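So the protein lines, in turn, are chains A and B.
Mapping to our numbering: the first sequence position 73 is 73, numbers consecutive.
Mapping to our numbering: the second sequence position 125 is 125, numbers consecutive.
Identical copies carry no separate label here, and so any pair may be met within one copy or between two of them.
Distance condition first, Cα-Cα at most 27 Å in a straight line; then the derived DSSO-like pairs of lysine-lysine:
{"hint": "1", "residue 1": "K20", "residue 2": "K197"}
{"hint": "2", "residue 1": "K268", "residue 2": "K197"}
{"hint": "3", "residue 1": "K20", "residue 2": "K59"}
{"hint": "4", "residue 1": "K59", "residue 2": "K74"}
{"hint": "5", "residue 1": "K59", "residue 2": "K197"}
{"hint": "6", "residue 1": "K33", "residue 2": "K197"}
{"hint": "7", "residue 1": "K177", "residue 2": "K59"}
{"hint": "8", "residue 1": "K255", "residue 2": "K144"}
{"hint": "9", "residue 1": "K197", "residue 2": "K28"}
{"hint": "10", "residue 1": "K20", "residue 2": "K33"}
Don't read these hints as lab results, they were simulated from the structure.
Every value quoted in this text rests on a predicted model; they were computed, and no experiment measured them.
2 protein chains.
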Amino acid sequence: MTGMDRPPAYDIHPGNVTDKVIASFTMKTAREKQLLASLVSHLHGFARENRLTHEEWAKAVGFLFRCGEISNEKRDEFMLLSDVLGLSSFVDMTDAPEGATEGSVLGPFYASDSPERPVGADLRPGGEGEPVLVRGRVLDAAGKPISGAMIDMWQTAENGLYATQDEALPDQAFRCKMRCDDAAGFSFVTVMPGPYKVPDDGPVGDLLHAGGRTAWRPAHFHFMILAPGHRALTTEIFFEGDPYLGTDAVFGVRKSLIVAPQEERGQKLVDLTFRLVPAALSDAA
Amino acid sequence: MTGMDRPPAYDIHPGNVTDKVIASFTMKTAREKQLLASLVSHLHGFARENRLTHEEWAKAVGFLFRCGEISNEKRDEFMLLSDVLGLSSFVDMTDAPEGATEGSVLGPFYASDSPERPVGADLRPGGEGEPVLVRGRVLDAAGKPISGAMIDMWQTAENGLYATQDEALPDQAFRCKMRCDDAAGFSFVTVMPGPYKVPDDGPVGDLLHAGGRTAWRPAHFHFMILAPGHRALTTEIFFEGDPYLGTDAVFGVRKSLIVAPQEERGQKLVDLTFRLVPAALSDAA
Chain A
1 MTGMDRPPAY DIHPGNVTDK VIASFTMKTA REKQLLASLV SHLHGFAREN RLTHEEWAKA
61 VGFLFRCGEI SNEKRDEFML LSDVLGLSSF VDMTDAPEGA TEGSVLGPFY ASDSPERPVG
121 ADLRPGGEGE PVLVRGRVLD AAGKPISGAM IDMWQTAENG LYATQDEALP DQAFRCKMRC
181 DDAAGFSFVT VMPGPYKVPD DGPVGDLLHA GGRTAWRPAH FHFMILAPGH RALTTEIFFE
241 GDPYLGTDAV FGVRKSLIVA PQEERGQKLV DLTFRLVPAA LSDAA
Chain B
1 MTGMDRPPAY DIHPGNVTDK VIASFTMKTA REKQLLASLV SHLHGFAREN RLTHEEWAKA
61 VGFLFRCGEI SNEKRDEFML LSDVLGLSSF VDMTDAPEGA TEGSVLGPFY ASDSPERPVG
121 ADLRPGGEGE PVLVRGRVLD AAGKPISGAM IDMWQTAENG LYATQDEALP DQAFRCKMRC
181 DDAAGFSFVT VMPGPYKVPD DGPVGDLLHA GGRTAWRPAH FHFMILAPGH RALTTEIFFE
241 GDPYLGTDAV FGVRKSLIVA PQEERGQKLV DLTFRLVPAA LSDAA
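The following block holds chain A by itself, in its conformation from the complex (with noise of 0.2 Å):
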């Protein structure tokens, strides 16, 4: 067949209409390419394997819409769609280098200003609150610190808001970057964070109610480990007997993230091993 007897575009029916879309598309690149036919072939495939009625599409498109509206600078309803519907922890657990600490959602709550601080530092406003005391190292495939390597982390209060909820903390509080020693060791003094609910008074949340599903989290501790030379990990550490660990609302727990608290001289002390690949690496696995 040549260009000039090709069929026009507007020749559509439902067998021919999801080539003709991927056709339209050229992209830069194949993976670009490659995606959006991926992407056009399952949204068609959704509508034709359930026979979606019209208006069942106009409710999908506008729940959406209803998605942007009540999105803002601190608040990602897209994000929080993607984690309950497992989907990015399907990428988490996919998009992962062979070695490393296992990654978890980076949730909608990670804020990039984080003060720096010492190792040893107490994250608590005013010394306030039952202290636990967590430490760490970050250590390379072959279980040698990484010299360079720097924690992000942030947590909620007992109360399971973020500084960057509640209005009656600083709104530093309770988080930090610290670069480590030159033991790659890390240490802070904090309190331990309490659960909490995804934000369920959006169309979201109206998803969650509809399911039968629980918007609550376990309570968790957010890490960003950064190390030159090595691929960045985000993730999460839970504990043992927190009554969410099995219906987290944004399928995050993994079972090698679960710590259970020690006690050391009468304080609780939290003891974590981060493990990073090279960067190079990652890309092979």
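We have chain A already, so just place chain B on it with the hints.
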């Protein structure tokens, strides 16, 4: 396996997470459950088949966030996204009853407050512009006029702008509701609409540009046809020779919806026949 020794939900890996997410939704109806399960399968399938990276996933979530940012009461970027990905047309075609005039995209410019005008009305403000007489009838599947039929039509002016977009035009120009006469006939005088670009200054426009696609749509009349006891029809009428017929940005053109304007007593004439099917039949189709 009993409930007691069912593995906890945090025993999650890429091989079981899709099923766990699906199982987490109960939903009230079997249809809702089916749609959710299919949606989750396709979303995860998209990520799995393409080995979606974190960076790509974050771009996709950010794309939807930007769609929300640019949307407002007068602009629905999610509807536009559905349109340019051919999803709207797919549903138009597959959720369509046998025997009726083919449907086509509603588009984002429908305004439900068009004034009711009598048969024969002139929709041109001040009677300006080259007149074209549009007339037609609304028939049932057997070819009989449907009593009580009503049309709701909207189109651009010759410059490709809808009256709702163009401050130089009265807000209600080139659109109307009209009760058909006893023979289910309607007619009005208007101008030929112009081709136009879908809004391409937002994320969907970025996608069109990145894909080497055009944002242009061929010129068209929009019609919504309503009649008691019959399934409502939303469709578009296109014109032979329009240079954009083959590359409509939203895949709305159907061969059966392209007409060739005629001449009658020195005036342009567009003669249309719309066919509706009974509301009850449409569910079985």
